[in-house]
Amino acid sequence: MTQLSGWGRYPRVEADIVRARSEADVAAAIEGGALIPRGNGRSYGDSAIGPKVLDMRGLDRMISFEDGVLVAEAGVLLSDIVQTFLPRGWFLPVTPGTRFVTLGGAIAADVHGKNHHLDGSFCDFVDWAEVMGPDGTVTRLAPGDDAFDWLRGGMGLTGIVLRAALRLRPVESGWIVQDSVAAKDLDAAIDGFEARLDAPYAVAWIDGLATGDQLGRSILLFGRHATPDDLSADRRARPFAIPRRRKLSVPVTLPGVALNRVTVGAFNAAYYARGAARAGRQIVDWDRYFYPLDAIGDWTRIYGPKGFLQFQCVLPLETSRDGLRAALTKIAASGQASFLSVLKRMGPQNGRFSFPFEGYTLALDFPVNDRSLALMHALDEITLAHGGRLYLAKDARMPAEVLAKADPRAADFASYRREAGLSAAFASAQSERLGL
Amino acid sequence: MARAIARAFAGAGHPVQLAARDPARLEADKADLETRFGVEVSLHEFDALDTDSHAAFVGGLPDLPDIAVCVVGYMGEQSENIADARAAARVLRSNLEGPASILERLAAAMSARGSGTLVGISSVAGDRGRASNYVYGAAKAGFTAYLSGLRNRLSAENVHVVTVLPGFVRTAMTEGMDLPERLTAEPEEVGAAIVQAVKKRRNIIYVRPIWRLVMAVIRNIPEPIFKKTKL
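Line by line, the protein sequences give chains A and B. Take the first sequence: its position 48, counting from 1, is numbered 48 in my numbering, and each next residue is one higher. Take the second sequence: its position 152, counting from 1, is numbered 1152 in my numbering, and each next residue is one higher.
Hints were generated in silico from the structure; no laboratory data involved. Quick caveat, the model's predicted, so the values are computed rather than measured. Just to be clear, a hint being listed does not mean it is correct.
Across the chosen pairs, the derived CB separations fall in these ranges [unchecked claim]:
id: 1; chain 1: B; residue 1: Leu1183; chain 2: A; residue 2: Ser64; range: 33 to 39 Å
id: 2; chain 1: B; residue 1: Thr1229; chain 2: A; residue 2: Asn260; range: 29 to 35 Å
id: 3; chain 1: B; residue 1: Pro1023; chain 2: A; residue 2: Lys405; range: 23 to 29 Å
id: 4; chain 1: A; residue 1: Arg167; chain 2: B; residue 2: Gly1149; range: 52 to 58 Å
id: 5; chain 1: B; residue 1: Lys1200; chain 2: A; residue 2: Pro228; range: 54 to 60 Å
id: 6; chain 1: A; residue 1: Thr139; chain 2: B; residue 2: Glu1080; range: 49 to 55 Å
id: 7; chain 1: A; residue 1: Pro228; chain 2: B; residue 2: Gly1013; range: 24 to 30 Å
id: 8; chain 1: A; residue 1: Glu14; chain 2: B; residue 2: Ala1112; range: 57 to 63 Å
id: 9; chain 1: B; residue 1: Gln1196; chain 2: A; residue 2: Glu172; range: 49 to 55 Å
id: 10; chain 1: B; residue 1: Gln1196; chain 2: A; residue 2: Arg274; range: 48 to 54 Å
id: 11; chain 1: B; residue 1: Arg1212; chain 2: A; residue 2: Gly335; range: 27 to 33 Å
id: 12; chain 1: B; residue 1: Gln1196; chain 2: A; residue 2: Ser64; range: 29 to 35 Å
id: 13; chain 1: A; residue 1: Arg244; chain 2: B; residue 2: Glu1186; range: 17 to 23 Å
The C-beta atom is built at its ideal place from N, Cα and C for all residues, glycine as well.
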């Protein structure tokens, strides 16, 4: 038995971890009772922990690459896909804010990226997935199949992805043309997004501690893949070569008090001022643009020994302004420090149990403590009152009633699991907590 | 571990020949190396314990490799290895007799050609016999000595021999063991270390440098004290 947690290091459970290195290992593990598959452990809460966990990282072979479609085993990391195919002119069609996630995990959480408003989520680029069910049989599922619809966003609770086919995106360089725009408050931020719905990538860093006239002030970052014409001559000659970043790390877990209203408030004010001063066009490399935090190993240590929580909700377009204002007011008033706060416009809902739907998503980190938990409870209520829902891949603590009220699909998902005989075979700490 | 080593060499641009008892099981690895690195990969049937077949195996390869890495090992269960002579023989044969035999055939072919590098994966368990796994340790001690002798013999013939002592590695063999973090390497580290060692013509490498120190201490504990320890 090992102590195991998600990326937020909260909660921790005693887990029996089985490492799969072949399809036969997966089948043998399933026979031994309820388990949850786990990729690289980047879901924040308790999605990939439980009494029995199947570590899928040993199944990490790429099988083929033809006409832009990569067939690979579930344990292949998105970072490996970028490393292998970007030099050949292909990039991930959708990427979350870290590239250290597995293909299987990306499908299970149906992750989204900065292009959700135009392109949808990860599974919109999955041509098929081969999935092992409770009896060890392997089925190839494709979009349009009922079981595929439950697989995407199903958090590994409907079967174990063994292999999948992912359509990559052709790109002409490893560089991104980024336009940054300072938005002085929440309305300006939302107007900014709505004015640039055609931008391939769009995301905003939002100051979670600003109040009054400055509530919701943000730095909006729009991006598109650079073409050779965007690049200087030396970069054009080697369009996929980017400077190596120095890997930073947080060598020790900081004490829980290191982040407080004053330190984070100062950081946020400085970050906003710098963003506003530098507004305009810049050419940045893919690593810096998509994965700013990947360069800092173990960055979660800054949140102290108890770990941290992430709150991520999505609110419908109609209620986004009111709901976000209510949420930000609550957060700022609480004084709970959050400096990795992200606001993003999302496109329409595609999956049957996937997180995204059309509107705005807000994501914030908080160190684990009683005040944060109380604040998140208040944010749950604001989310419910505005017709929003929460992201399971980030969640570590939402009460089952909140999920039931926020997302009527949860009950359908649970009954699908029961009827298909999946509940007894696949279970995580999260599925138990939420009654999925 | 073999997969990580193959990837490290393929990543450095080398074409790869993979040999195992059931080559059909390596199809996915062949596809992986080809897809990731665009190198040529071929599969070959090879049984480390069938020593009679080794000369024919080497003769039958389409190309004699520049570098051959022997990643053959079997630990068994110490309690069983003590109780059952046949279990012990299997450990000795898998870690010493088989690997020594195939490396000797490859050595003959490489010295006839006048070039080549042989890499043997031995173990720190062979540096000193310990109560908890001395059957495996004895086999690896024998293999380490074999590699040393082979290196000595071939040094005049432009064939180099690298002895690799990986320390703890997170693989199927150590599945379920509670291993100290700082002493435990990922298979990828082993692969990278071997590619470097071959390039620099190193003789004996510990994958994590700390093992050199750990084993120096363990080797130098006087026997009257050592025999009373529980390591």
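Hints, verified against the model:
1. Leu1183/B to Ser64/A: 33 to 39 Å: Given a distance of about 38 Å, which is inside 33 to 39 Å, the answer is holds.
2. Thr1229/B to Asn260/A: 29 to 35 Å: violated, 49 Å
3. Pro1023/B to Lys405/A: 23 to 29 Å: violated, 56 Å
4. Arg167/A to Gly1149/B: 52 to 58 Å: holds, 55 Å
5. Lys1200/B to Pro228/A: 54 to 60 Å: violated, 39 Å
6. Thr139/A to Glu1080/B: 49 to 55 Å: The hinted range 49 to 55 Å is violated for threonine 139/A and glutamate 1080/B, with Cβ atoms some 40 Å apart.
7. Pro228/A to Gly1013/B: 24 to 30 Å: holds, 27 Å
8. Glu14/A to Ala1112/B: 57 to 63 Å: holds, 58 Å
9. Gln1196/B to Glu172/A: 49 to 55 Å: violated, 35 Å
10. Gln1196/B to Arg274/A: 48 to 54 Å: violated, 41 Å
11. Arg1212/B to Gly335/A: 27 to 33 Å: violated, 52 Å
12. Gln1196/B to Ser64/A: 29 to 35 Å: Since the Cβ atoms of glutamine 1196/B and serine 64/A sit about 30 Å apart, the hinted range of 29 to 35 Å holds.
13. Arg244/A to Glu1186/B: 17 to 23 Å: holds, 21 Å
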